[in-house]
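Protein chains in written order, with the numbering used here: chain C, 1 to 332; chain B, 1001 to 1332.
Hints in this document: simulated from the structure, not taken from any laboratory. Be aware that one or more of the hints could be misleading.
Here are the computed lysine-lysine pairs in the DSS-like style, where the Cα-Cα straight-line distance is at most 27 Å [as the list claims (entries may be wrong)]: (1) B/LYS1269 x C/LYS246; (2) B/LYS1307 x C/LYS214; (3) C/LYS307 x B/LYS1214; (4) B/LYS1307 x C/LYS307; (5) C/LYS246 x B/LYS1307; (6) C/LYS307 x B/LYS1246; (7) B/LYS1047 x C/LYS214; (8) C/LYS47 x B/LYS1214; (9) C/LYS246 x B/LYS1246; (10) B/LYS1246 x C/LYS269; (11) B/LYS1246 x C/LYS214; (12) C/LYS246 x B/LYS1214; (13) B/LYS1287 x B/LYS1047; (14) C/LYS214 x B/LYS1269; (15) B/LYS1287 x C/LYS287; (16) C/LYS269 x B/LYS1214; (17) C/LYS47 x C/LYS83.
These are the residues of each chain, in order.
There are 2 protein chains.
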Amino acid sequence: MMEHGTREYQAVWMEGSKLMMIDQRLLPERFEVIELTRASEVGSAIKDMTVRGAPAIGAAAAYGMALAALQGDDLRESAEMLKSQRPTAHDLFYAVDFMVEALKRGEEPAKAASRYANQIVEKCRLIGMNGALLIKDGDRIMTHCNAGALATVDYGTALAPIRVAWRGGKKLFVYVSETRPRLQGMRLTAYELRNEEIPHAIIVDGASGHFMRKGVDLVIVGADRVALNGDFANKIGTFEKAVLAKEMGIPFYVAAPISTFDFNTESGKDIVIEDRDEDEVLMMDGKRIAPAGCSALNPSFDMTPAKYVTGFITEIGVLDPDQITRVKGARI
Amino acid sequence: MMEHGTREYQAVWMEGSKLMMIDQRLLPERFEVIELTRASEVGSAIKDMTVRGAPAIGAAAAYGMALAALQGDDLRESAEMLKSQRPTAHDLFYAVDFMVEALKRGEEPAKAASRYANQIVEKCRLIGMNGALLIKDGDRIMTHCNAGALATVDYGTALAPIRVAWRGGKKLFVYVSETRPRLQGMRLTAYELRNEEIPHAIIVDGASGHFMRKGVDLVIVGADRVALNGDFANKIGTFEKAVLAKEMGIPFYVAAPISTFDFNTESGKDIVIEDRDEDEVLMMDGKRIAPAGCSALNPSFDMTPAKYVTGFITEIGVLDPDQITRVKGARI
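Given only the sequences and the hints, what does the whole structure look like? Please build it.
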């Protein structure tokens, strides 16, 4: 839950026939909840990152399909439209397919989408329980981007084990790499940790190696898509942390629900990496920070080969990369 | 030379009894030259990074000692004051000691300082010539921070081989990592490359590994201090690039004049790393970008062990890390 004032919030939820969503682009300066009634609005919110983080994108898309059904939109078109908004997060595709099947079976749209969102919350809670077993009292943990409650409806993926361990009384310190260009680490993860009073410090992305050498006990990140061989895509900068952790003998864990695993993608080579607008790098708060006439390359994700992964923290336990194929076909 | 309007500029230079300095904090938005007449003003300019980059800091300090002598200040106090402004860049100490000796010999202050600055320019030109031999037509080169003309009076260290290779007709592409928190890569290196029309793209620091895997032929960075065993300190984020380059089999070069080598420091463990104010991370252009109540750790440099270095590009050739001890004691 995100605390704000006296209330607690999820990243997305339904109120009657309206989809409510925290506008994550405005955090931490402003806490604003927007109302959506059309699937097309949900599509835009996914594309412009009003909602972000693979599991939360999945939940938003599930609700988007519910809105489409409630409004009598063409469901096939709505499904295609939603899937086309961002190419990397597997949950987006998983959630839309989940809803297509549920609606075919005649489930009530809002109820089916809520079921999907509630499942995510429960999965993240289990990820937290499983992951907390890896955390010792006094551990210094590094994370990247925001794989917290805001990214996942509630609890988080990478932050779930940290939350559960902290609530269980373990002393922790979290290094939060700021995550340029959009600073989700600084602006969202630090915000969530501060709200729970979990000790942490923001560092620039380039300082990760420096602090790993000074002493980090484990790295936990989220994922946007995991391939069958254990290669995975996550926010740009993840691959670097994985290589550095391996070089320094630090365990490197990926926390993700099985909905993020793409059993139809053999390896990382087949994962599409989204390139976003260069202005995300060159501008800050609407003002250009780069010299005139210079341009940027802005891949939103990178791919980390399985060999750098110590384990995948999932709702069904901590998996070795080579165990993923055994999960394929299991209905979870 | 830095072009601006119809004139070319160095990072620092004397006009009569005044020291002129480009205010690098204002670039690329504003090009402003400030005038300094007191050593204490030079000390402040070094501390607040009006002038930055190890060789340029050295030149500024040499001119600072000249101003102290011209003003009749206590030279020992001035030397201590200047040396205390920043702890990591070895050139600062080297330049002040150079001036103390020159003034003891009775050299004219401004002339001695100009001789020091001109030597740097010549050394950087030689670094350019030596380094250009490592660059092939069509190479994709990655650099970090600003080790360009602005950092070194003229030419640059890491940028010198790129300039010389480009002017010699080689086709190049330069990946410029933006270098948080102060963005010297984006704001200074990209600015210098654009002024010379050398093809380049700005990337966020966390994307370095991604682009190395896509294809980078060599990495060239500068240094603030090189220890006797080849360990070296440079802008935060350098260590990560060195580890990534090694992992991917990409040659990793450090371009630095011998004045950056500290023959009294045995290894990187003995190099003092400057921690700077957390507001450099948490604020942007005077506005807070981080959530209220969150803090940051802000080491300005990191240390890269010698084992990651392919070679040091110096004015006397490209040295293996284990050749550094042989240079000790040589007067260059």
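Evaluated hints:
no.: 1; hint: B/LYS1269 x C/LYS246; verdict: 22 Å, holds
no.: 2; hint: B/LYS1307 x C/LYS214; verdict: 18 Å, holds
no.: 3; hint: C/LYS307 x B/LYS1214; verdict: 18 Å, holds
no.: 4; hint: B/LYS1307 x C/LYS307; verdict: 23 Å, holds
no.: 5; hint: C/LYS246 x B/LYS1307; verdict: 16 Å, holds
no.: 6; hint: C/LYS307 x B/LYS1246; verdict: 16 Å, holds
no.: 7; hint: B/LYS1047 x C/LYS214; verdict: 26 Å, holds
no.: 8; hint: C/LYS47 x B/LYS1214; verdict: 26 Å, holds
no.: 9; hint: C/LYS246 x B/LYS1246; verdict: 13 Å, holds
no.: 10; hint: B/LYS1246 x C/LYS269; verdict: 22 Å, holds
no.: 11; hint: B/LYS1246 x C/LYS214; verdict: 20 Å, holds
no.: 12; hint: C/LYS246 x B/LYS1214; verdict: 20 Å, holds
no.: 13; hint: B/LYS1287 x B/LYS1047; verdict: 21 Å, holds
no.: 14; hint: C/LYS214 x B/LYS1269; verdict: 12 Å, holds
no.: 15; hint: B/LYS1287 x C/LYS287; verdict: 12 Å, holds
no.: 16; hint: C/LYS269 x B/LYS1214; verdict: 12 Å, holds
no.: 17; hint: C/LYS47 x C/LYS83; verdict: 10 Å, holds
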